[in-house]
Structures are given as structure tokens and as C-alpha cells.
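Novice: Once you've looked at the hints, dock chains Y, X and F against the given chain C.
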Amino acid sequence: MSITIKLFASLREALGEAELQLELGALPPAEVVDGAIRVDSIKAVLSARGADWSDAINQPNLVHALNHKVVYLDALVKDGDELALFPPMTGG
Amino acid sequence: MSITIKLFASLREALGEAELQLELGALPPAEVVDGAIRVDSIKAVLSARGADWSDAINQPNLVHALNHKVVYLDALVKDGDELALFPPMTGG
Amino acid sequence: MSVSLQAEPIDIAAEYAALVGKASGAAVTTFTGYVRDHTGEDAVGALELEHYPEMALTVLQDLGRQAVERFGLINWRIVHRFGLLPVSETIVWVGAVADHRGEAISACEFMMDTLKTDAPFWKREQGPEGARWVASRAQDGERRARWERSEGI
Amino acid sequence: MSVSLQAEPIDIAAEYAALVGKASGAAVTTFTGYVRDHTGEDAVGALELEHYPEMALTVLQDLGRQAVERFGLINWRIVHRFGLLPVSETIVWVGAVADHRGEAISACEFMMDTLKTDAPFWKREQGPEGARWVASRAQDGERRARWERSEGI
Chain C
495 MSITIKLFAS
505 LREALGEAEL
515 QLELGALPPA
525 EVVDGAIRVD
535 SIKAVLSARG
545 ADWSDAINQP
555 NLVHALNHKV
565 VYLDALVKDG
575 DELALFPPMT
585 GG
Chain Y
495 MSITIKLFAS
505 LREALGEAEL
515 QLELGALPPA
525 EVVDGAIRVD
535 SIKAVLSARG
545 ADWSDAINQP
555 NLVHALNHKV
565 VYLDALVKDG
575 DELALFPPMT
585 GG
Chain X
20 MSVSLQAEPI
30 DIAAEYAALV
40 GKASGAAVTT
50 FTGYVRDHTG
60 EDAVGALELE
70 HYPEMALTVL
80 QDLGRQAVER
90 FGLINWRIVH
100 RFGLLPVSET
110 IVWVGAVADH
120 RGEAISACEF
130 MMDTLKTDAP
140 FWKREQGPEG
150 ARWVASRAQD
160 GERRARWERS
170 EGI
Chain F
20 MSVSLQAEPI
30 DIAAEYAALV
40 GKASGAAVTT
50 FTGYVRDHTG
60 EDAVGALELE
70 HYPEMALTVL
80 QDLGRQAVER
90 FGLINWRIVH
100 RFGLLPVSET
110 IVWVGAVADH
120 RGEAISACEF
130 MMDTLKTDAP
140 FWKREQGPEG
150 ARWVASRAQD
160 GERRARWERS
170 EGI
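Protein chains in written order, with my numbering: chain C, 495 to 586; chain Y, 495 to 586; chain X, 20 to 172; chain F, 20 to 172.
Only chain C is shown next, with the shape it has when bound in the complex:
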């Protein structure tokens, strides 16, 4: 099961990565239900990469977009999905 993670703006800058593929084979199988995994479980996996990741991924107001739509932490991510994480948007 492979998920594309995209990082933008201050998050991208803090972590030095714009995009990564997350293979979820390493995850406790209990987290994966019917081939899907919650957004907060993915954030837990990313947080485990180190203190800088934990700080950046758990900052308040982080926005999660699944396949280009903003979602809550309970959204279900499936194989091949794209999950983007970024700070509040400041366009216009």
C-alpha cells in the first residue's frame, strides 16, 4: 500500500522534502481496515521519523488535503491516494 505525501510552504521548508512515497507495510496491521487508513494514523507514522517531523506534523492548524480536498483527521486514505499537509492558505 503506497500513499503519496506532499508537503508545502513552511512545512516543506522545515522538513526539507516536498514529496515522499509512504509504504505502509511497516505499520501495525490493526491500523489498516478494509485497505484504508485514517489520516491521523498516517500523521503518527510521519511523526515517528524524528523530533523535527513530530514538531512539524503536529503543529496546530495544519491542513490535510486528500486527493485535492480538505479533510478531517478521520478521513480514510487508500492505496494510490495523495495526501497533502500544509499550513493555512494565504493566497489572493
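In short, the hints are calculated from the structure, not lab data. Remember, predicted model here, so these are calculated numbers, not experimental data. One or more of the hints may lead you astray.
[As the list claims (entries may be wrong)] Here's a subset of chain C near chain F, in silico, CB distances under 8 Å, partners left out: (1) T498; (2) F502; (3) A578; (4) F580; (5) M583; (6) G586.
[Said to hold, decoys possible] Computed list of chain C residues with no C-beta within reach of chain F, every gap over 10 Å: (7) I497; (8) S541; (9) D546; (10) V564.
Here a beta-carbon is modelled for each residue, glycine too, at the ideal position from N, C-alpha and C.
Specialist: Below, chains Y, X and F alone, put in the same frame as chain C:
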């Protein structure tokens, strides 16, 4: 005492005049106080010109502008002033 | 910060460039009104716009000043046409420059709403059954009245 | 009824002509946002605009569709830039065409307010003391929330 009367739009069309000079010498002197006369007294003078004038001048919603500012019926008109009468504005 | 009353078509690109060129605001809003080919279900062939030139100038200049005071505009411009206007022609163009978008958008709306009821112009529509004066709309009076009640943006 | 995400400057005169040329509405409102030379009291030298292209396109197209549904727009256009933008450059241009002015003005405001908080762009300001990410403003969230509560115009 001479006042310029201007008429616009449907009022101008109904009365066939765009502008006239009103000499108020013919008015009952009681109407003129300290060299000034109220807008409604001027309307009474104009209404006396005939049935078409009376109808047009006394139509509801008529707007009165004294020297380019909208005023109420109690505004005081003086020698040399310009009083315009017209239906509600429909610009833009 | 000026008004133009004109018979000629409005050169929107030139007006926009002049409005923004003189001011370094971050937010610009414009409104353009065109002659419609219908009013409700009735076809309209052209519009005649009668106006009271001296008063129109006074009212519109005062309107711009009010917009500066109320919304802190950096620049504004009102262009209003008179005379015979075929369908699809421009009637009016209003532009507002401000530091922030709320001010620019509200100022533009304020100027248009106030202009509709307070500036001495009168529309006469030419249709298939002859010409007729356009009646003022209660809705315009209501939009105008909102600005009396509200404190701006 | 389209979106453009572009690095190039916005040709406002051309955008306006294309917007109106395709539609016979009577009321057209536009908004243009420019790079300010200051934020509060701090000088700004230029703006870097980062974006998430696929999502930005999806969000802005959906925003236009919502504006049509809500305000009955006849035409609309959203142009948003990305990349390095010097002071005084255009950032965003929004245009709305409708039958009446209330709809055109409100739609323009709705699109700008929603775009600010919902479209994936991030601003980074270059100032005398280096570059910094622009924080989102609570005020923008409040302006956005008004459109959830209200029924439109």
C-alpha cells in the same frame, strides 16, 4: 425676485419646457419672508399655470433640488437660485 | 479622484490604467454597467440617458469624497455617459483603489448603490412599442438605505 | 468560466475583453490584487507565491461553479499567479458578469473571500531582514465565514 426653474425627464416632456424664469412679483407678498420663499409656495405658483402643470407638479415622489442639492418642501429659495424639479433618478 | 460625464464610449482599459497608475494601492475593484437588451420580458433597442449636468457633477464628486472618508480610498473614478446608447454599450464605470480588498469592494458597491438613486440621470428605453421612461426600483432605494444604517465595510 | 494559474503577469485589459466579449450581461465587476510594498510597518521587497497546482485548479474551478449557482453569473474568470512577484505586480484577478450589479459585486467578493482561505497558495515576503512566511489572518477567516451564514446577495 427671479428664480430659475429647471424641469427634467418625464416632467420636462409632459410640460414641454426645460427651463423657465419665475418672476415672483405676482405672488401674494405674504409668501415672501426676508426675501425668501418656500419650495412648496413655488410649486403652488407653477400649479396655477393650468391643469397639466397642476398634475405634473403635484405628482407623488417628485424630487426638488435647490442649487444642485435635494431639498424638502420647506427649503427657502432666494433671488438668483436654481430650483430643479424631476421624477426619481434612474442612473447607473 | 475625478468624475467624467461624457457622450463618448468609455475606454475601460485606459480608465483602469489611469486609475491604478496614479495610486499604489494593493486592491482595485471596478464595476461596469452596460445597456441590457431586455427589461424583464420586454426587448430594449437602445437607451436614452438624460442628465442634469451641473448637479450630476456635484453629486458624483461628493460621492467620491464620501467614499474616501468612509473606506479610506487611495484613488477613485466615476465615468457616466449620457445621450443615446445602443444595446451592449457601456453606461457607467466606477473604480476604487484601497489598501485592502474589503474597502475597495465595499466602496465600489457604495458608489454604485448611491449613484443609482442620488445622481440626476433618467433612463428612457426604446422598445418595439415606442419609448418609455424607466421607473425607479424600490430595490434600489433599499440597497441605498443599507449604507445609511451600516458603518461601512 | 475558467481559471488560469500562471507565472506571467496578468494582462488585465485582455482578460476584461475576453470576459465580457463572451457574455451579454449588464453588470461586470472585477477585482485585482497587487503586491504591497509594506505589511503593517514592515517594508516588503517582493513576494514569493508557492502553490499546489492540481488542488489550486480544482478549488478555483469549484469556486466559480459555486458562484454561478449562488449568484446566477453569466460568466466568470479567476487568474492567480505563482512564483516571484516584485512589488506592484498583479497577484490575482477575478471577474464576474451578471444581469444585475448586486449579483456581480457579491460574486466577486465571494470569490475573493473564499479564494483567500481555501485555495492552496502560500505567500512568503522578502523584507530587509530576510524572508518570512505570511501568517493567515483571523479577519480572512471571518470574512469567509460570512458566506456560510448568508444566503448570498
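Novice: Next, verify each hint and record whether it holds.
Specialist: Hint check results:
1. T498: 11 Å, violated
2. F502: Interface hint status for F502 of chain C: holds (6 Å vs cutoff 8 Å).
3. A578: The hint holds - A578 of chain C has a Cβ within 8 Å of chain F, the shortest such distance being about 6 Å.
4. F580: F580 of chain C check passes; min Cβ-Cβ to chain F is 7 Å, inside 8 Å.
5. M583: Where the cut-off is 8 Å and the nearest Cβ of chain F is about 5 Å from M583 of chain C, the hint holds.
6. G586: 4 Å, holds
7. I497: Non-interface label on I497 of chain C holds, nearest chain F Cβ at 16 Å vs cutoff 10 Å.
8. S541: 21 Å, holds
9. D546: Answer for D546 of chain C: holds, closest chain F Cβ roughly 17 Å.
10. V564: 8 Å, violated
This entry does not satisfy hints 1 and 10, going by the numbered hints stated previously.
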